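2 protein chains.
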Amino acid sequence: MTINLKNFLNFNKKPSKMGDFQELKQIEGLQISAVSAGLYSNGRDDLSLFYFPEGANYAVAYTQNSIVSESITWNRKNTKNNIKALVVNTKNANTFTGEQGLNSLDEIAKTLVESLKKFENENEYEKTKMKDILFASTGVIGEKFPVEKIKKNIPNLVSNIRVNQNKLIWLKMATAIMTTDTKPKVAYSEIKLGDKKIRIAGVAKGSGMIAPNLATMFSFIFTDADISSVVLNKYLNKVLANTFNAITVDSDTSTNDMVTIFATKKIKNKKLNTISSKEALKFEKALRNVCTDLSKQIVVDGEGAKKFITVKIINSETVEKAKKIAFSIANSPLIKTAVAGEDPNWGRILMGIGKSGEKIDPKKIVIKLGEFTVAENGKISESYNEEKLQEYMKWDSILIEVDLKQGPEQYECYTCDFTHDYIDINAHYRRS
Amino acid sequence: MTINLKNFLNFNKKPSKMGDFQELKQIEGLQISAVSAGLYSNGRDDLSLFYFPEGANYAVAYTQNSIVSESITWNRKNTKNNIKALVVNTKNANTFTGEQGLNSLDEIAKTLVESLKKFENENEYEKTKMKDILFASTGVIGEKFPVEKIKKNIPNLVSNIRVNQNKLIWLKMATAIMTTDTKPKVAYSEIKLGDKKIRIAGVAKGSGMIAPNLATMFSFIFTDADISSVVLNKYLNKVLANTFNAITVDSDTSTNDMVTIFATKKIKNKKLNTISSKEALKFEKALRNVCTDLSKQIVVDGEGAKKFITVKIINSETVEKAKKIAFSIANSPLIKTAVAGEDPNWGRILMGIGKSGEKIDPKKIVIKLGEFTVAENGKISESYNEEKLQEYMKWDSILIEVDLKQGPEQYECYTCDFTHDYIDINAHYRRS
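So the sequences go chain by chain: A and B. Read in this note's numbering, the first sequence has 251 at position 37, and its numbers run on one by one without any break. Read in this note's numbering, the second sequence has 626 at position 412, and its numbers run on one by one without any break.
Simulated from the structure, these hints should not be mistaken for lab results. Quantities reported herein were computed from a predicted structural model and do not represent experimental measurements. Be aware that a few hints might be false.
Stated by the list, open to error - In silico lysine-lysine, DSSO-like type, Cα no more than 27 Å apart, as pairs:
1) B/LYS593 with A/LYS363
2) A/LYS324 with B/LYS573
3) A/LYS291 with B/LYS573
4) B/LYS499 with A/LYS358
Chain A extracted, bound-state conformation (with noise of 0.2 Å):
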């Protein structure tokens, strides 16, 4: 992985020193604990909760695949309004596991509870009960879930509970959710809404939409603000779009995908009751900031990824043939490749504009490559020049622009390219 985290927002300038993690903050009202219930073999943390004492607020996006996990079947079994615990487990999917599957959520939530009355007695909390209890599960699908191992773990989960965290404990807690990641991914921000700041952290994991054997994205953001679940929904569902909606590692979709979003409700923030409002707006935009980070971070990690590529386009008649377009360039194989193999092949765009099966007009399309024009009316472009091209090609991060001449709408979306690396994880990765 040689991308630079700093030049995803600069397309134009040459790559510089490699971003370093954020560092982010306590939110108050959650506590976290990562431990290894043995699911890897190698002793690595493998069982996480995220607890909140004092419950939270939530709103959350499943995967648009039609097979499911178990897990967000059993999410979704109860219309939950206020969450204690979000339990997650790597190494297996929790797919295709049947009644076996299903079955040993509701053992472990039990075995949570009961963990939890000791810790929740001496603290004054408020008990959980099992429906207060959401599930992620990543990894190996259509093995037997490992219910035992999980089980007998939970206590000393529950155990290694810790009030406060720092950008350590956040790396761990994003490490611990990690399955064929080569590195955790964090984002944070922070804004004042009225005369009050509330902090917005969130972890993520995905590389591929796949590993190990087909896997996942998950992202999990927490925020200390007093923001009602029905208003957290709407502002997930609009910052999705050009979030994780936005990205594409290799097309596929796994079943497992899943993001959330939970407020711990600690700060009195001036009250978020339209999603219109200045302050509102400014919620949304450091919600988009984080998830934007996240997304991105996800792409650059994509499996065999060695650059970061954003297909913007621009002066469409609406967002959805933008979009279409976009995706029919981001998801294209061809393309993917010549990135891969530093070739500014506008040909392939071409291809990729004309199969999404959207009306263009060949004639007052403009295609750029970072800041170089490399098509335009209906033929290549008279300051085409191989030679600075290649040049740009170079680049860690590279820029495909479309510009459709047909109205005042834009998509932006972001993937990686391919390479053998790819191919190597993705063809014997059971095995290895």
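Chain A is fixed; fit chain B onto it per the hints.
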């Protein structure tokens, strides 16, 4: 390329000896020619002519890409009922070439009409007019169309017209239309309609949907039967869905794809006025065999392909649903890399089914690899045998079968695996 052609229709048998090219015979009423016009610098044949001295009925299907070659634009300009000549060039796709590309075809057509005059006079053939000519171009897009080189070589093309075809002549023609293909593609069938024997011969090119810059699937099919253009069109549309439209190498669609069938009317067979008579179904079956054979040869020659994959969806409510699920699997890079790695990774097949967005019942579906059931009843099959499956995955031709248990319909499509060679060919194509 190690795929065994004989093994195509024999998924469950181990590969046997390599199949040989079919023995193609003379199609009366067709004359052919191929020369080097210096489009490639190495002197290979790159300009071809299929000539019908007494004209031919025809039907054609073009690419679904919304950006198309100027050659397709030219063909569409006149509604032609009687074709005298098809001119095929390689090396340049005549796409995104603007006015220069379109005007070039006028000039070439004029030159061809002129060059044919003497030949047609001598043989007392009807004169070819400009509107009797079809063009097909494949190669790099966006480069100036080499009109001068082609015009200069039209007289040579005409003086090399051969009245008779045999297997070697057919292979010469199939080779002259190649770009990155590693071998020519030919297919042949003959049947009796009433008491008359009729013949169907076809050539095709394509390897990826892409090469050289992005390129093209061509298939040109010829019969000596007497069938009207209207009826030919009905057959072509019926057969396309399960042949040329049932193959995918990398999910990309060229700007130049073109499938045509020509009938020279030389054999005075029983008229096929309906397309559901016994004779008509016989012809449809023979045409389907030729198209299926050519389609599979294109997949086998897929860029970097080492394995042929058949995806078969059975017991679906509708054909459309089966087709959507089949392509969701066949276009998945994760499944294609797993097959390249000889890994019986059925979890990814499950992901592919779900990602189609189609409603299925996870508890009902049965997934098979070859004759081995890998998943059923919502979980891994009790007969699952990793050792046997790993043995099966070593074969050159792999069958993925999904039984939806929802209805009477089915759909089958064909693809190949995703290997290092695909990346190599496509990352560096323009520079090689």
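Verification of the supplied hints:
1. B/LYS593 with A/LYS363: With a Cα-Cα distance of about 21 Å, the restraint between B/LYS593 and A/LYS363 holds, given a limit of 27 Å.
2. A/LYS324 with B/LYS573: violated (33 Å)
3. A/LYS291 with B/LYS573: holds (20 Å)
4. B/LYS499 with A/LYS358: violated (47 Å)
Hints 2, 4, counting from the list given before, are not met by this structure.
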